[in-house]
Amino acid sequence: ADRVILIPSGHTQEVAVQEFQDILTVYTGKTVLVLDSRSRRESMLTMLQPEDVVVFISQSGENETLLEFARELKWRKIPIISFTQVQSNPIADMADLPIHYPLRTFEGVGEHGYTSMGPLYVVIEFYLAHYINHISAEQ
Numbered sequence: 003a004d005r006v007i008l009i010p011s012g013h014t015q016e017v018a019v020q021e022f023q024d025i026l027t028v029y030t031g032k033t034v035l036v037l038d039s040r041s042r043r044e045s046m047l048t049m050l051q052p053e054d055v056v057v058f059i060s061q062s063g064e065n066e067t068l069l070e071f072a073r074e075l076k077w078r079k080i081p082i083i084s085f086t087q088v089q090s091n092p093i094a095d096m097a098d099l100p101i102h103y104p105l106r107t108f109e110g111v112g113e114h115g116y117t118s119m120g121p122l123y124v125v126i127e128f129y130l131a132h133y134i135n136h137i138s139a140e141q
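Counting the sequence shown from 1 gives a position; the numbering used here is that position plus 2.
Treat the hints with caution; some may be incorrect.
Simulated restraints on C-beta separations [stated by the list, open to error]:
(1) Y129 with Q89: 12 to 20 Å
(2) H132 with E109: 30 to 38 Å
(3) L105 with S39: 23 to 31 Å
(4) S118 with A139: 31 to 39 Å
With a straight-line Cα cutoff of 25 Å, these simulated SDA-like cross-link-like pairs (lysine to any residue) come out [stated by the list, open to error]:
(5) K79 with V124
(6) K76 with E16
(7) K79 with L50
(8) K79 with D98
(9) K79 with S90
(10) K79 with L37
(11) K76 with E113
(12) K32 with R42
(13) K76 with D54
(14) K76 with E64
(15) K32 with P81
(16) K79 with E140
(17) K76 with I126
(18) K76 with S62
(19) K76 with L99
(20) K79 with T67
(21) K32 with G12
(22) K76 with E66
(23) K79 with Q61
(24) K76 with L37
(25) K76 with M96
(26) K76 with Y116
(27) K32 with M46
Note that these hints are calculated values from the structure, not bench results.
C-beta: ideal position from N, C-alpha, C; glycine also.
All chains should be modelled from the sequences, with the hints used to inform the complete structure.
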């Protein structure tokens with residue numbers, strides 16, 4: 003990919019995306035952009051090319067605003083990777099490479115329990131390590 007475009011669906015995913023961006027930039031030298039708002043996504047859409055890759059990080063994969071953007075990407079033949087919770091969901095169904103991560107909710111913690119996003123970070127780091135090795139092998 004020429005550029006990697008990262009799209010988080012919420013605050014927790016924004017934190018993961020920041021780590022994703024830092025690692026990719028340092029280890030690959032690729033241009034990595036974060037499109038964390040609808041206006042940023044809309045302004046970049048015409049500049050994206052099939053040589054780019056767009057990575058969605060979403061728990062449910064059902065955010066309608068992100069789905070609209072994903073449909074436009076598919077129409078433009080821009081590759082999509084999705085990191086979503088383990089389940090069938092619309093964004094994962096559109097992705098060229100759907101990657102799922104399990105969530106664990108700890109009951110009895112707070113009013114609604116505590117859902118750990120730790121597995122997301124593990125899965126992202128696993129795929130980043132393989133991608134960095136792939137880039138290194140190409141050089």
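Results of checking the hints against the structure:
1. Y129 with Q89: 12 to 20 Å: holds (19 Å)
2. H132 with E109: 30 to 38 Å: holds (34 Å)
3. L105 with S39: 23 to 31 Å: holds (25 Å)
4. S118 with A139: 31 to 39 Å: 33 Å Cβ-Cβ, so the 31 to 39 Å window holds.
5. K79 with V124: violated (29 Å)
6. K76 with E16: holds (23 Å)
7. K79 with L50: holds (10 Å)
8. K79 with D98: Cα-Cα ~10 Å, so holds.
9. K79 with S90: Holds, at roughly 22 Å.
10. K79 with L37: The given pair, whose Cα atoms are some 18 Å apart, holds under the 25 Å limit.
11. K76 with E113: violated (40 Å)
12. K32 with R42: Measuring from Cα to Cα gives roughly 19 Å; hence the hint holds.
13. K76 with D54: holds (12 Å)
14. K76 with E64: Status holds; Cα separation ~16 Å.
15. K32 with P81: holds (16 Å)
16. K79 with E140: holds (24 Å)
17. K76 with I126: holds (23 Å)
18. K76 with S62: Given that 25 Å is the threshold and the Cα spacing comes to 19 Å, the pair holds.
19. K76 with L99: Cα-Cα ~13 Å, so holds.
20. K79 with T67: Distance ~19 Å between K79 and T67 Cα, so the pair holds.
21. K32 with G12: holds (24 Å)
22. K76 with E66: Holds, because 15 Å separates the two Cα atoms, which is no more than 25 Å.
23. K79 with Q61: holds (24 Å)
24. K76 with L37: holds (17 Å)
25. K76 with M96: holds (7 Å)
26. K76 with Y116: violated (35 Å)
27. K32 with M46: Within the cut-off at roughly 17 Å; holds.
Hint compliance for this structure: hints 5, 11, 26 are broken, all remaining hints hold.
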